[in-house]
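Same order as they appear, the protein sequences are chains A and B. Heads up: the first sequence runs through residues 1 to 642, numbered per our numbering. Heads up: the second sequence runs through residues 1001 to 1623, numbered per our numbering.
Please note: incorrect hints may appear among the correct ones.
Unchecked claim - Which residues of chain A face chain B? A partial, calculated answer using Cβ under 7 angstroms:
hint, residue
1, G25
2, R26
3, G126
4, P148
These aren't lab readings, by the way, just hints derived from the structure by calculation. C-beta: ideal position from N, C-alpha, C; glycine also.
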Amino acid sequence: MSAAAQSVSSPARPRRKPAAWRELGRLLPYLAPYKRPTVQGLLTLLVMGLAGAVPPLVMGVMIDLLRGEPLPLPNLRGFWRGALSPVLHFYSPRSAHALGILALLLVAVVAIKGVFSYASRWILIGISRDIEYDLRNDLLARLVQLEPAFFVRNPTGELMSRCTNDLSQVRMVLGPGIMYSGNTIVNMAMAIALMAQISPRLTIEVLIPVPIVALTVRYFGNIIHDLQTRVQEMLATLSARAQENLTGVRVVRAYAEEASEMQSFDEANRDYVGQNVKMIRAWSMFFPALQFIIGFSFVLVLWEGSRMVVQGHISLGALIAFYAYVGQLVFPMIALGWVTNIFQRGAASMARLNYILDAVPAIGDAESPAAVGDRVRGEIEFRNLTFAYPTPRGPNGPSPLPGAGKLPGGAPVLRDISLRIPAGSTVAIVGPTGSGKTTLAALIARLWEAPPDTLFIDGVSIRDWPLEKLRRAIGFVPQDAFLFSETIRENIAYGVEQAPSGAVDDAARIASVSSDISEFPAGYDTIVGERGITLSGGQKQRTTLARALIRDPRILILDDAFSSVDTDTEEKILQGLEDVFRRRTTILISHRCSTVRDADLIVVLRDGRIQERGSHAELIGRGGYYAELYQKQLLEEELARE
Amino acid sequence: MSAHHEEEALGRIYDSRLTGRLLGYLRPYRWRVYFALALTLLVTPLQAVAPYLFHVAIDSYIDPAFRHKIALAAAYRGIAWLSVVFIASLVLGFTLQYLQVWIMQTVGQAAMYDLRKQIFAHLQRLPMAFYDRTPVGRLVTRATTDVDALNDLFAAGVVAMINDFFLLIFFVAVMLKLDWRLALAALAVLPLMSAVTWVFRNSVREANRRIRTTIARINAFLQEHITGMAVVQLFNRERKTSDQFAGLNRGYNVAFKQAIFAFAVFYPTIELLSSAAYALVFWYGGLQVLLRGVELGLVVAFFQYAQRFFTPIQDLSDKFNILQAAMAASERIFKLLDEPAPVLAPAAPRRLQRVRGHIEFRNVWFAYRNAANPSEEDWVLRDVSFQIEPGRMVAVVGHTGAGKTTVIQLLLRFYEIQRGRILLDGGDVREMDPVELRRHFGVVLQDPFLFTGTIESNVRLGSETIGPAQVESALREVGVGPWIETLPQGIETRVTERGATFSVGQRQLISFARALAHRPEILILDEATSSVDTNTELLIREALERMFSGRTSIVIAHRLSTIQRADRILVMHKSRLREQGTHQELLAQGGIYSRLYQLQYRDQETPLVAPSPDLSAPLAASD
């Protein structure tokens, strides 16, 4: 099994593509609202850089003062000499007074720098978080518009990863990426300018390691990133091994294969550790190597600089200032390599975000929606409808509709369906699993697109209806009772703008769930799901029924809505619903005869075709699938009484 | 009291009981750990070399040479030597640091490897009841993510902390020794700096906690709404969902602003305090130079010492986080390791020489829930008694939840019964070693579970005694020989996770071959309910026929052909064994079986002539 485990990670990962800088261009519109603060932030960076260049000069002046130089830092000329002139007013060699003033000046300058450093971080990193906020909202706003087919093509995990990992990579570009780029440029420029004043030759020599450091950071950054990806893959393999063993625990025990399972886990464990060790090798080399390379700059300062002082080319104060500037260069040198990696990865991630942001909803309003009346009457007509799901679905995709089960792509799921459902009538659809019942219901709610001119609502092609108006007229109870982890009240009132007081309770009562809810300690304010009370399958189904009923829909669709409810309870619910059914078009999908008995029309679907249609009495008389289903129902009831 | 809570809980920073237990994992590698710690003693002083060299350069060479107290050549020579020492210290520093990080990281990996192995081995011993109440995902997390959190502690946290600690002590000592007054000047800001760091740590921790909870909420919301997107759209909730999301998103944004604020204040404050320390060193040191003739190089050196001194203090809060995460993870891991794994094998197990295959249930009562003291409604089996003669085939039928699967789980001794006895060849199964016992069973579960690997490895399942020839003959025996031959890689064909690339029928047949290859005396089979195509159905029937012949077989039956062939049928209904007999006898009896038959099996009477989708599927029992 180990060979298999290893090869899981072997399919060639796409190598880093040349950075798609164009992708990052998509960020410009997001930056636009923050143009002013961005400029302000960059300006504070500039001031911060200027202030940051001062302390080494002050230290240099202090040293020269202590050594009794008549003029501090004699190498500085022109502009820089001018900048130093305020200090020269009170400068006098070996003066304790002047020394005190300089010490205070040093603290004052750093305090000023601190204010701007605070402002730049607060503004620039803050903007990156704000844009992250905007981007995240836009991602969801796009996702809610996309049709089920999109979610079939793109597994949930994949979309989640884009909305989390990729978003945070892009945020890195906007925050640290921009801030450290600005910082690096300003600091390097200032430090180099001043160093050049002190000694151009020494400056050039000291800067030799800069490109080496930047390249080293980039090199190790990429290697470590690659190795990290590999480590993650190995971890995934290891997790999969454990997962598989634990899921198949009964087989393992039954065949007494614990020992060989441990061995197989051991191999994955060993591989994972091995890959980690590879990464460690790179990682433990990284920082010492940086220190080593950067250390050479300091050696040069010591060697060359000391000689220059001795020869009288520069003052000792200048050497100390120079040394301090080299110290200031260390971080920018590292940042240079790091920032380019941020931009590179950010571009790749932005491309993956653009995939979502640029997705075009395939189901929406027609160019020229039909002029339809204010109200949907509720007449539904299928005309020779044949429907196949568009593309083969991915193995891990979510169901296009909760509970729709596996849908083979390509082959028609519904064939040649012709069915007219008059407004206000109740139609039941029965048939074995996979016969197309759920698909039929999903088409009415336009979750999937029926072929042109095969499905009509009130005589108007479904594609010509404004989507929102159509869906507002529908109350849908899906097969899988999907509730959100909010309160029961919020879940029931999910599809209405405002629930008048009592409406939630009314809906719950009709759906026969109100007495269950009142038994929860928090009643309607009980939170559904993990952090709250776990509802039973039947309670969930009845809650989703209440959620549909509160909308007072013209068309009510119940997709196997009572499967988790026992027959007696179902009977009671149905009695309560009689009045509800009478006032609207109702589509009832079920496996049970007891559910559908009283429908105006019962349709039997098999293999995507309508095989039988008629009333309960007619179908029983005909002795087909429905009649057999009815027989079984009676037997079930007998057995339950045993 | 949810799982959520357990995962979120943050431990203390330090817990001596947990720490002691964790250190136990370093024990096998203690010499390497000692060596790495010894390296600390060498690495730290190297950090102090550069400032000292400047001190010497200025005071012994530059200044004297400048004042013409020593010859230029001598000064150059001295500086050259200092540069050489500097380079040597760089090379040494590089080597030692690399070595130290390498050793500790590999030790950490080795310890984690051991820990993971121990967790996995422990999982193999935990009783089945444990798996019934624990989600698999959580167990996987223990063996992977949680262990990695510990790795951070071993690999990075501990060494860095010891290094930092040693560095602080060393620098204080060096500074005090060089000039205690200057040392006090440089360290004057230290209390203030510690206080600032402490305040910062607390406010950032609060912000981090809010960031973690808000991002968890955002991700849960996203996950939930992507999964339930159809419901969102059906109920016209697109806009409201976006608004709701924006609210959560805002909470995250605000929490982060809080953290950004803390950092934006912290960094400049620390820098300001450091610069105050430098100013103090220069001012006070300068006065000493002017008044007492202290050497200038010493002041410069002190400035550089102070620079290096403050960095580890600022890093302390990161280290705290690592510690905290590691403690929380180790607490969860140890809780799992402390989960009792009862030894099922008796001290002197009854040896099974030649198993004939006589099975007896004698007044067996069993409950999954409240196993220690079951209440009336907890019983899943009530007073079940039956015998199976060697070589006979018995079918168990009944409705969902009637207790059929429980019967075979008990026979395999996945659970302990509360009352009664289960006997194999007249001996109580509790007197046998369960691993030994299970070797005599060939088991096919309802969901034919395939492992990642190859067809061969799935049939063999790690058993050393089964060679490729036996695997092939087992596969031939169940009738998939011709199919295997069409596969380019034959029995070496890859099986992906859970056998996703094979059809249900193929998976069933492979698991049949698995059972056969192990040459069991007793066959235990939970027939799958899923329908397969006619061809496969025929193959399965023939395979079953061959598997049943000559060995005791107990089958949870879903096929008419199986129950018709059974020597005896056991009818389970509502936790009791209600009827038993042959197919004809039971039908004639007109009891529960006759109705079950009409419900579940009758439709299969002619299916091979006119194949049609399984009519009974919606009603069929599926345990």
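Do the hints match the structure? See the list:
{"no.": "1", "hint": "G25", "in the structure": "24 angstroms, violated"}
{"no.": "2", "hint": "R26", "in the structure": "20 angstroms, violated"}
{"no.": "3", "hint": "G126", "in the structure": "6 angstroms, holds"}
{"no.": "4", "hint": "P148", "in the structure": "6 angstroms, holds"}
In this structure, the hints that do not hold are numbers 1, 2, in rising order.
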